[in-house]
Amino acid sequence: TPIGNLEDVTIRAIKTLFSVDIILCEDTRRTGILLQELQSRLAIMFRYMIAKPQLMSYYDEIEDKRIPEVIDALTQGRNIALISDAGTPLISDPGFRIVRECLKRGITVESIPGPSAFLAALTSSGLPADNFCFLGYPPEKSARRIKLFGNLLSIHRCIDSTYIFYCAPHKIVQTLEDLKTVFGDIEVVLARELTKIHEETWRGTITTAMTTFGSPKGEFVLLFRAVSSK
Numbered sequence: 001t002p003i004g005n006l007e008d009v010t011i012r013a014i015k016t017l018f019s020v021d022i023i024l025c026e027d028t029r030r031t032g033i034l035l036q037e038l039q040s041r042l043a044i045m046f047r048y049m050i051a052k053p054q055l056m057s058y059y060d061e062i063e064d065k066r067i068p069e070v071i072d073a074l075t076q077g078r079n080i081a082l083i084s085d086a087g088t089p090l091i092s093d094p095g096f097r098i099v100r101e102c103l104k105r106g107i108t109v110e111s112i113p114g115p116s117a118f119l120a121a122l123t124s125s126g127l128p129a130d131n132f133c134f135l136g137y138p139p140e141k142s143a144r145r146i147k148l149f150g151n152l153l154s155i156h157r158c159i160d161s162t163y164i165f166y167c168a169p170h171k172i173v174q175t176l177e178d179l180k181t182v183f184g185d186i187e188v189v190l191a192r193e194l195t196k197i198h199e200e201t202w203r204g205t206i207t208t209a210m211t212t213f214g215s216p217k218g219e220f221v222l223l224f225r226a227v228s229s230k
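All residue numbers for the sequence shown refer to UniProt numbering, where the first residue is 1 and numbers rise by one.
To be clear, the hints were calculated from the coordinates, so they are not data collected in a lab. Treat the hints with care, since some could be wrong.
[To be verified] Within a straight-line C-alpha distance of at most 20 Å, the following computed PhoX-like cross-link-like pairs (lysine-lysine) qualify:
no., residue 1, residue 2
1, K180, K147
2, K171, K141
3, K180, K196
4, K141, K180
5, K65, K52
6, K15, K65
7, K196, K141
8, K171, K217
[As the list claims (entries may be wrong)] Estimated spans, in silico, between C-beta atoms of each pair:
no., residue 1, residue 2, range
9, R12, D85, 42 to 50 Å
10, D160, Q39, 45 to 53 Å
11, D85, T181, 31 to 39 Å
12, G32, S142, 12 to 20 Å
13, H198, G126, 43 to 51 Å
14, A168, D130, 27 to 35 Å
15, N131, A168, 25 to 33 Å
16, K15, L103, 19 to 27 Å
17, R29, P68, 22 to 30 Å
18, Q36, I197, 14 to 22 Å
For glycine and all other residues, C-beta sits at the position ideal for the given N, C-alpha and C.
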């Protein structure tokens with residue numbers, strides 16, 4: 001699904017969403033709005049797509065309950081699509097466990113390529129993209145973040161890589177503080193509101209970033225190279 005701009009959705013994704021029996025989604029209301037918006041914007045394409053799929057909530061807290069229901073529906077011959085609220089499913093979103101269970105049972109799983117925030121951020125960051133490591137959201141606690149960043153600094157001595165994290169707005173300053181503790185005042189790239197009207201890709205030192213984004217809004221993608229200025 002799109003991460004911001006609705007026009008990023010692919011024709012193949014649209015055809016899939018309106019041809020399956022069930023759509024597993026994090027938020028049924030949000031997905032319902034997405035489907036309505038797609039129909040209104042692409043009325044001509046949808047003229048012959050009359051089927052309306054059932055929406056079934058699927059998020060971390062109910063995954064154990066949903067997996068047997070989904071497997072049962074699949075074994076009855078129903079087609080099911082899995083989506084996230086924004087971006088590609090499984091990328092820091094639910095879905096891994098149901099995919100694994102399907103594969104164990106010999107059920108075909110087909111991936112439909114689509115937008116992903118960390119890839120969009122990487123390609124516009126100005127950082128090398130031939131070797132990168134995406135690590136999702138950093139740990140909640142400062143001590144664990146510092147330990148993780150320390151491990152990355154050690155790994156960097158063997159593998160020169162660009163590191164990528166997602167970061168919630170209320171955690172960005174603390175995360176940058178911990179990053180500076182380990183690497184020093186290195187340059188970072190911060191991307192937010194990707195593909196939206198107020199899209200921003202910011203580059204600068206950690207110290208400047210902490211001042212610039214003191215009261216941030218929107219989810220961040222944090223990118224950096226493991227090079228210390230100490």
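**Request:** Could you grab the alpha-carbon distance between K141 and K180 and see if it respects the 20 Å cut-off?
**Result:** holds, 16 Å
**Message:** If I claimed the Cβ atoms of K15 and L103 lie 19 to 27 Å apart, would that claim hold in this structure?
**Reply:** holds, 24 Å
**Message:** What's the verdict on K196 and K141, does the C-alpha distance respect the 20 Å limit or exceed it?
**Reply:** With a Cα-Cα distance of about 30 Å, the restraint between K196 and K141 is violated, given a limit of 20 Å.
**Prompt:** Between K171 and K217, does the CA-CA distance stay at or below 20 Å?
**Reply:** holds, 11 Å
**Request:** Mind checking the alpha carbons of K180 and K147 for me, to see if they're no more than 20 Å apart?
**Result:** Holds: K180 and K147 sit about 13 Å apart, inside 20 Å.
**Prompt:** Between K65 and K52, does the CA-CA distance stay at or below 20 Å?
**Reply:** This hinted pair is violated, its Cα atoms lying about 24 Å apart.
**Distance restraint hint 12 to 20 Å, applied to the beta-carbon atoms of G32 and S142** = violated, 39 Å
**Message:** Quick check: does the Cβ-Cβ distance between A168 and D130 fall within 27 to 35 Å?
**Reply:** holds, 29 Å
**Request:** Given the hint of 45 to 53 Å, check if D160 and Q39 actually sit that far apart at their C-beta atoms.
**Result:** holds, 47 Å
**Message:** The hint says 22 to 30 Å between R29 and P68; measuring C-beta to C-beta, is that right?
**Reply:** Since the Cβ atoms of R29 and P68 sit about 24 Å apart, the hinted range of 22 to 30 Å holds.
**Asked** Range hint 14 to 22 Å: satisfied by the CB atoms of Q36 and I197?
**Response** holds, 21 Å
**Asked** Are K180 and K196 close enough, with their CA atoms no more than 20 Å apart?
**Response** Roughly 29 Å separates the two Cα atoms, so the pair is violated.
Of the numbered hints stated above, those contradicted by the structure are hints 3, 5, 6, 7, 9, 12 and 13, listed in ascending order.
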